[in-house]
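Residue numbers (the working numbering), protein chains in the order written: chain A, 1 to 141; chain B, 1001 to 1141; chain C, 2001 to 2081; chain D, 3001 to 3081.
Heads up, some of the hints might be wrong.
[Stated by the list, open to error] List of simulated lysine-lysine pairs, DSS-like, C-alpha gap at most 30 Å:
{"id": "1", "chain 1": "B", "residue 1": "Lys1036", "chain 2": "B", "residue 2": "Lys1114"}
{"id": "2", "chain 1": "A", "residue 1": "Lys36", "chain 2": "C", "residue 2": "Lys2035"}
{"id": "3", "chain 1": "B", "residue 1": "Lys1063", "chain 2": "A", "residue 2": "Lys87"}
Since the hints were derived computationally from the structure, they do not count as laboratory data.
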Amino acid sequence: MIEITHQPIDSASLAEQVQSPDSGAVVLFLGISRRKTDGRETTQLVYDAYEEMAVKQLEQLEKEARDRWQLIDCLIVHRLGVVPLGKASVAVAVASAHRREAFEAGQWLIDSLKADVPIWKQEHWADGTTEWVHPGLSKID
Amino acid sequence: MIEITHQPIDSASLAEQVQSPDSGAVVLFLGISRRKTDGRETTQLVYDAYEEMAVKQLEQLEKEARDRWQLIDCLIVHRLGVVPLGKASVAVAVASAHRREAFEAGQWLIDSLKADVPIWKQEHWADGTTEWVHPGLSKID
Amino acid sequence: MKITVKLFAGVRELAEQSEIVAELAQGSTIGELRKCLIADFPQLGPHLTHAMFAIDSDYASDDSLVQEKSEIACIPPVSGG
Amino acid sequence: MKITVKLFAGVRELAEQSEIVAELAQGSTIGELRKCLIADFPQLGPHLTHAMFAIDSDYASDDSLVQEKSEIACIPPVSGG
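Model the full structure from these sequences, guided by the hints.
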């Protein structure tokens, strides 16, 4: 199941949501708004998305993961808007019979999400400036 | 932090416990009592440990993981006694600045725990028989 | 034909609008759209050069044909997660 | 010297007790303890052959010396997690 939300991610319940007597392994990944990036201090992150396409891409990633690994359950949640420090911007939860598949699928899903899904992060630096992050593009002046 | 407990593992709160503004990534692994093993049906699992040594070994694993990876937090919890189907017998939660470290450390911790820590699982099969699991040793008649 | 292109994140900020419009000949490709936009919005040049484009919510290549009824979006390098 | 060995899981079940005692000469090793136990408890043979031993909560090798005050445990192949 995939979800794009403007609400806080309920990280406490995500692992429980995919847990079942058929699964032997659950892997939950959370991406957290981090205070320090390359030595600079952030006060908050803001996420924007091309929502329609992001939903389609996330559904595609879930399908591909289920094709590649024997997954019993798979959840991907991305939060948009302001994400305060220490809070999750993204969560991936997978359940499978064996742990290897759950780790591999979880890692592949977050790597693929970061590479492909049209979502963008805006850093709000402690010095008051803001900056949309576009890897490979130099900073906007 | 490591913990050996006879109580249910509160999987919902584990990811939140290691989340902080310094961590960019949290990985939570849960090992779940699985209904089917090699086509046979289990009704419950029972875990036994040499507790004193298991605590020492788990502390050693946490130390080694913190030496090998830049971890901000690291939790390992193992439940002993009866673990009903669908419930967690073990949980590993790690937080780090970047996701690669969190995935690697989480996977290494659960692999090492399964290889080294003196904890044993007893299958309670649906046919009423029980069996202590000792990999490499043939089934006890 | 008039093609409306959705903008996001740094490109939207730089353009100070969430959509821009290009005037293209029938049968034009994404590559031609890219060139036309760079000419019309020089301040977006580096972003447009490095961006992907999407047609109807799927990534498109520079060879993909643009149709008037398609939903076109400019996708600068992503940074979600 | 009398050495008490803690048993767990399948070995404890098979021995029907949680500790067994071996009579060893001073200066004996874990390897000698293993042989002595296999002789005294033949029904535990396969388990004792494949088990590790621990001295004071650390894995020991067959060369490790056993001392009377040490806590000795038989660690059959583990299956936690």
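Against the structure, the hints come out as follows:
1. B:Lys1036 to B:Lys1114: The given pair, whose Cα atoms are some 19 Å apart, holds under the 30 Å limit.
2. A:Lys36 to C:Lys2035: At roughly 38 Å apart (the allowed maximum being 30 Å), Lys2035 (chain C) and Lys36 (chain A) break the hint.
3. B:Lys1063 to A:Lys87: 27 Å, holds
This entry does not satisfy hint 2, going by the numbered hints stated previously; all others are met.
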